[in-house]
Amino acid sequence: MLENQTFPRRGTERTHAFTDDVLGDADAVGIAQRIRSRDISPAEALEAAISRAQSVNGPLNAIQVPAFSRARDSLRGGAHPDGEFGCVPTFLKDNVNMAGLPTTRGSVAFSPSPVRRDDRFVTQFLSLGFSVLGKTRLPEFGFNASTEFMDDEPTRNPWNRAYSAGASSGGAAALVASGVVPIAHANDGGGSIRIPAAACGLVGLKPSRGRLRSEPLHDALPVRIISDGVLSRSVRDTAAFFTAAERVHRNSSLPPIGAIDRPGQRRLRIGVVTDSVLGHQTDSETTAAVLATAELLSDLGHHVDQAPTPVDPGFAEDFLHYWALLSVMLTVPGRWIHGKDFSMERIDGLTRGLVERFWRNAHLTPAVLYRLRRTGDLVRTKLERWDVILSPVVSHTTPPIGYLSPRQPFSELIERLTRYVAFTPLNNVAGTPALSLPLASTAAGLPIGVQFSAHEGQERVLLELALELEAAAPFRTITA
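First residue of the sequence shown: 1, per the UniProt record's numbering; consecutive thereafter.
Rather than coming from a laboratory, the hints here were simulated on the basis of the structure.
All C-beta atoms, glycine included, are put in the ideal place defined by N, C-alpha and C.
Please note: incorrect hints may appear among the correct ones.
Label-pair ranges, simulated between beta-carbon atoms [what the hints assert, rightly or not]: (1) 306 with 113: 51 to 59 Å; (2) 150 with 385: 43 to 51 Å; (3) 117 with 473: 39 to 47 Å; (4) 113 with 18: 30 to 38 Å; (5) 221 with 382: 18 to 26 Å; (6) 364 with 253: 27 to 35 Å; (7) 441 with 256: 33 to 41 Å; (8) 76 with 150: 36 to 44 Å; (9) 313 with 288: 23 to 31 Å; (10) 298 with 76: 52 to 60 Å.
Can you make the complete structure from the sequences, with help from the hints?
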């Protein structure tokens, strides 16, 4: 799908911060264990992460709000946070509120001031003991699938800086993949955890609707599509995060995840989907990655067969209309939401195009919302005989910088986005968990993610399967 396209190339070599400091190549669980055992100090872990951030943020452009001094101050006097991840360095995505830091949401349409209180999810996240070094970049309001801007440098992929890091959690993905931190906050309203995980070779789980705490504004959306989570380099870290978060706040309407330290023993019924809801075929490398994973699963004893695409092509148009509705909700009352200096004149080309598209089709909204709200029931009915669905994360391999630039004419950009992001939104609308794992690579050496989705509340099934696959086919590392 990217044939005959020409885009600017810059810095094609890999960019990473891994070195023989106190962090090494350890994951978050490993670093937390070393801090608890006093093998390393919280200050040593913090300074190593800051040094790593300073070494690679220039070429990667992943940090929006640095908070290094604040993180240092929090450790002074020996005040070390408790929790499963006590003093493990990390970053928050810059679309959640942490008291004392501004929240830009990736936009230059307003000038944010430091906020006064933590979001509910941030309170839950901080209670796990993390040491927050700052906030990561995202495209404006998280609408794009590449972390690119109108008048600023993009966030670049550590595996090859000529390519996209994905979005909207692109800054988080770049920092974790490059080794600055082992784990970072991300969230997902249409693929924003899974797409950058696929682009940067990471583990990315979008949990079930309501699994973690959320803001009243998110809960009041006509269709609740946004879920918080993390990006990590190991299944162990992702599993440990959700286990620990559940101890702080558990949604009693969902089955507990519990502690996960080994693969599941039950052999699963796994359905394979390779064609998108638009009916388009995926590119050859992406299809090969899915089919190779299906073969591996079969070799491991799982029951694998073909599954139908669970919704018709109209779903993509309905989701795009809902995306456009969200753009209106974030911008029309912009002065009230973001501050008095918010200006529609400063929003980027994608956001503007979505707003205009909504107003042209506003009369369709009631019918669109009705259909989207029924999606969960439709998916359950069509896919009830499978435990897990295996599919691509996106319809083609990670695009180069510029392919999804908001500077593109809106009609061309939205066509590219709709084709590219054709698999992930279904889980957001249905409220079901979905996981990207880095199980393949392109001929050029870029990671390819493969998606696994399950029924509502079945994160444990996905994580146990992920542990099994990680052991059977260890993930590539950027230093290899």
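Status of the hints after comparison with the structure:
no., hint, result
1, 306 with 113: 51 to 59 Å, "53 Å, holds"
2, 150 with 385: 43 to 51 Å, "47 Å, holds"
3, 117 with 473: 39 to 47 Å, "44 Å, holds"
4, 113 with 18: 30 to 38 Å, "36 Å, holds"
5, 221 with 382: 18 to 26 Å, "25 Å, holds"
6, 364 with 253: 27 to 35 Å, "31 Å, holds"
7, 441 with 256: 33 to 41 Å, "35 Å, holds"
8, 76 with 150: 36 to 44 Å, "40 Å, holds"
9, 313 with 288: 23 to 31 Å, "24 Å, holds"
10, 298 with 76: 52 to 60 Å, "55 Å, holds"
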